[in-house]
Amino acid sequence: MQDLANADCIIIQGSNMAECHPVGYQWVTEARLKGAKVIHIDPRFTRTSATADKHVPIRAGSDVVFLGALINHILANDLYFKEYVVAYTNAATIVGNEFKDTEDLDGLFSGYDEELGNYDPSSWAYATEGEGPDASPGTIGGPAAGHEHGHSKSERSAGDEHGSGGPALEHARVKRDETLQDPHTVFQILKRHYARYTPEMVADVCGVSVDDFHYVARALTENSGRDRTSAFCYAVGWTQHTLGAQFIRTAAIIQLLLGNMGRPGGGIMALRGHASIQGSTDIPTLYNILPGYLAMPMVGNHDTWDDYVAAIANKAQKGFWANADAYAVSLLKAWWGDAATKENNWAYDYLPRLSGAHGTYQTTMAMKDGEVEGYFLLGQNPAVGSAHGRMQRLALAELKWLVVRDLNMIESATFWKDAPEIATGELETEKIGTEVFFLPPASHVEKAGSFTQTQRLLQWRHKAVNPPGDCQSELGFFFELGKRIRERLADSDDPRDRPLLDLTWDYPLNEDGEISGEAVLQEINGRHLSGERAGELADMYTDLKADGSTSSGCWIYSGVYAKGVNRAANRKPGREQSPVAQEWGWAWPDNRRILYNRASADPEGKPWSERKKYVWWDEENQTWTGLDTPDFVKTTAPSYRPEPGTGGPAGLAGDDPFVMMADGKGWLFAPKGMLDGPLPTHYEPQESPVQNPLYRQQSNPARRVFPRKDNLWSPSGTAPGSEVYPFVFTTYRLTEHHTAGGMSRWLPYLAELQPEFFCEVSPELAEERGLVNGGWATIVSARSAIEARVLVTERMTPLVISGRTLHQVGLPYHWGVGKEALVSGDSANDLLGVALDPNVQIQESKAGSCDIQPGRRPEGEALLRLVHEYQSRAGVTVETSNQLKTTEDGT
Amino acid sequence: MDPKRTFLSWPVVRQVRAGDLLARGPAVTSEKTRSLQPRTATADRVVQSVCPYCAVGCGQRVFVKDERVVQIEGDPDSPVSRGRLCPKGSASEQLVNSPGRQTKVLYRRPHGTSWEPLDRETAIDMIVDRFIESRRNGWQDTDEHGRPLRRTMGIASLGGATLDNEENYLIKKLFTAAGAIQIENQARI
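In order, the protein sequence lines correspond to chains A and B.
If you're matching positions, the first sequence starts at 1 in the numbering used here and goes up one per residue.
If you're matching positions, the second sequence starts at 1 in the numbering used here and goes up one per residue.
It is possible that some hints are incorrect.
[To be verified] Result set (SDA-like, lysine to any residue): computed pairs, CA atoms no more than 20 Å apart in a straight line:
(1) A/K483 <-> B/M126
(2) B/K65 <-> A/H462
(3) A/K819 <-> B/S98
[Stated by the list, open to error] To give an idea of the interface, some chain B residues facing chain A are shown, with a C-beta separation under 10 Å as derived from the structure:
(4) A41
(5) S78
(6) G89
(7) T113
[To be verified] Taking CB as the label site, the calculated pair distances span:
(8) A/P748 <-> B/D20: 32 to 42 Å
(9) A/P748 <-> B/P117: 23 to 33 Å
(10) A/P748 <-> B/R24: 25 to 35 Å
(11) B/R68 <-> A/G774: 38 to 48 Å
(12) B/R136 <-> A/T625: 53 to 63 Å
(13) B/R136 <-> A/N344: 23 to 33 Å
(14) B/R136 <-> A/R865: 42 to 52 Å
(15) B/R68 <-> A/K606: 49 to 59 Å
(16) B/P117 <-> A/G770: 47 to 57 Å
(17) B/V13 <-> A/G775: 51 to 61 Å
(18) A/K885 <-> B/S114: 51 to 61 Å
(19) A/K885 <-> B/P117: 52 to 62 Å
(20) A/L116 <-> B/R147: 13 to 23 Å
Read the hints as simulated data drawn from the structure, not as lab findings.
Owing to the predicted nature of the structure, the values given are computational and were not obtained by experimental measurement.
Quick reminder that beta carbons are idealized off the backbone N, C-alpha and C, glycines included.
Let the sequences and hints guide you as you build the complete structure.
Below, the structure written as structure tokens:
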């Protein structure tokens, strides 16, 4: 975050940083005061735009065209950082000749399976050393390397596993052409792929003028290179799309081409929205991963321990993921202690198996279909905060029991009496069988523990006071729940209860009689269990072994409690240390503040420039050193070249800075890992009033759709009926509220500052639809209709797309219908349906189609009739917009 | 005449001496104003914390008096936030002390029309009963090909992004050992 102050140009796209991360934004302001250029690319003009050098309005969901055109501009004009690109990226790597691009197949990559609607990525693999360009397809990243079809990968949301590095490859013996001229090099493939992403295409698809495009291109390229660096900042404006992961990949390609990764003032800043949302991904309360981005086992792929180990890492690949077996064994030892032995494969069979996607939306649908009995809501309010609020509430009504743990009486706890579906007659309180337990939790000052914030920094919070009344921390609640479940099952001889009974669950209590959070953090950090250092805490993940002699609950956090010191609680004031501030909190891994920072030095190990020096090779002492912990094997000299075929950290050459990637290089082209293509390519959102001008293929052919009667979509592009929902809507947050409002709509100060739901429309749209500032509007999608106060503002810019004017409607999503909050209102998320990105199973909530009309919405059954009337006028059926591959007739 | 009132306490002289030429500042403060002290000055102790809202991770100083949080301010020591808080972070004292905050366990029985009070220990025991039963009802030993699944589809959970790492760790550990896989949080959203 602070490192943004070192940037010479900052592009904020998919984020309204000044309003949603105001305090973080001080570093952007600081950079600008030092002369950096700040550009905001966003559908709306916000405070971020107001404080930037330039605001570029863009059509929601068209970002890959804009960013792809920047790639084209960089390549076509030779503006890339040549030494960096050749040495540190896979630009020179040769891809197998079976690969076919979307430019060859009208919007599909090779390997598309029409039946499954997924890719088999084997044709995207690198060519292998020893093969000519005409030989059989490469196998690195191909079938032998723990090959798994895109379908099952998507089902287990395998994209998330790359939260701490790249996917496994069979080995790292790749073919390279460092002249970048071979037509099969990544570099040449990239050039061809983006050749049609021109400024004119940007104007046509994004609604951004050619001049504005050139302004951004110039600012970015002039501020990148040896002596200058540029940064990107994004938030959920990029992630919440059916190709969200590819939006971010496009930015990654730009940053690699310009040499901005691993360097001060460079990189891509993910601005996350919850205090420990990074932590809850690292130590996941997520279905598809185990702590430290280890995969949850998938039936059919990981049936045995050997299958699992072979799939998560390969000893022949380069880098630190080659040691994933040590991380997995140490996790199993942390959980099952002495019951995890070499003989029983470290209790691997105690882990439950996935068989498909079990993300929150699949679970909601299963719940609605009566397949889930009990549900815990832990500081989350899906009735308001998740996409398709109506489906969420109807699902809650099908549960047998629900536990809500929240500071305030949120709408997800009161749906049985206050849900809007009671007003429409769809639900009736007396007929809802859900048993609801409301348990109040401790607030952040009433318990001690660590949050991991957006830059991987763990910060410990000390406890200030005891929680009031029945309030209890989650730590206390779950410790107690586990204890009582184990007591209840203590006499069981059912093998299914063994994992619970063998679980290590004997945490010490502190002076307040509460379970000690420090003890849990120590378990996460890990220990030496046997050998000379038995009993000692691990110093870092390189201590961890695959022989059962170490434990660690989350390998990437190993080191946070090194030498018995809680480093998350380090609090040396910022003004008493260097700007890198390594003595405040602790960042994973190994307290590094910039990842892949070996790239801040040139291939010989010298800083690219004095101005941008960060870590470098100390020739005299034969070690890496600098302003941060070097993200490299400390004693590997820049000139080191491993024996061909060497795997693991020793396989990294002295100029392989991307130490978690299987070939040590930054990936411009992803031979593996992305489930919807090795290169980002533009597709329209699941629901869009615009026809994709680049390919016949309208939307991401690998996106996840759920054709159900309760999840309908408007027709897209030029399909008949799309004119019924002619406008694009996009949802967003305000400074004064927090997501679904559970932590803000109950606070008098905040509720007073932003009391009411509103929609932002341009004066032109207001004129067209007769909307009056301060009056009411009804917004209708294929799922629902909601009402909002109208804010007519020039902050919304009508865009000219493919020759016609397109209007966008902005909707903050903090309000919900209920009687308990200080302020309530219709929820913007009710307009959304459920269609997901295949890599990470995140919903598309940043672009949808709607109509807007003046006046309040009808109430009761009349509301349902209005929604149905629109659906039938547009000819919406369960199939509408749900065909994954666009057919000849464009549907 | 008050012996303390001298030439130096004449209003105009006070204004000039204090640099408060327009008499809108210290020159005209009342005894009451002068004796006011900020809650931060009278607190019994100050505890370092972190803001619970977005993921910037701003440092907070929590001021406690008589075992009650009386104020929360930005921590100037933090190299991330340098003492600043946004409107939400600045309002977080109300998150702790707001009169609308729920501090009692409540129970809504199936088909019930209102909340009922419930003792916390009883509530946890009831949840344990339901957890064990739903775990059993949703249990799957193998898939249709006889391959092991060893899991339950009867229980799900959502939440964690606002919780501590240690809390997420226990939740994931307990649910996984119980065979419950449908564990999710805001990071998916």
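Hints violated by the structure (listed by number, smallest first): Violated hint (a single one): 4; every other hint is consistent with the structure.
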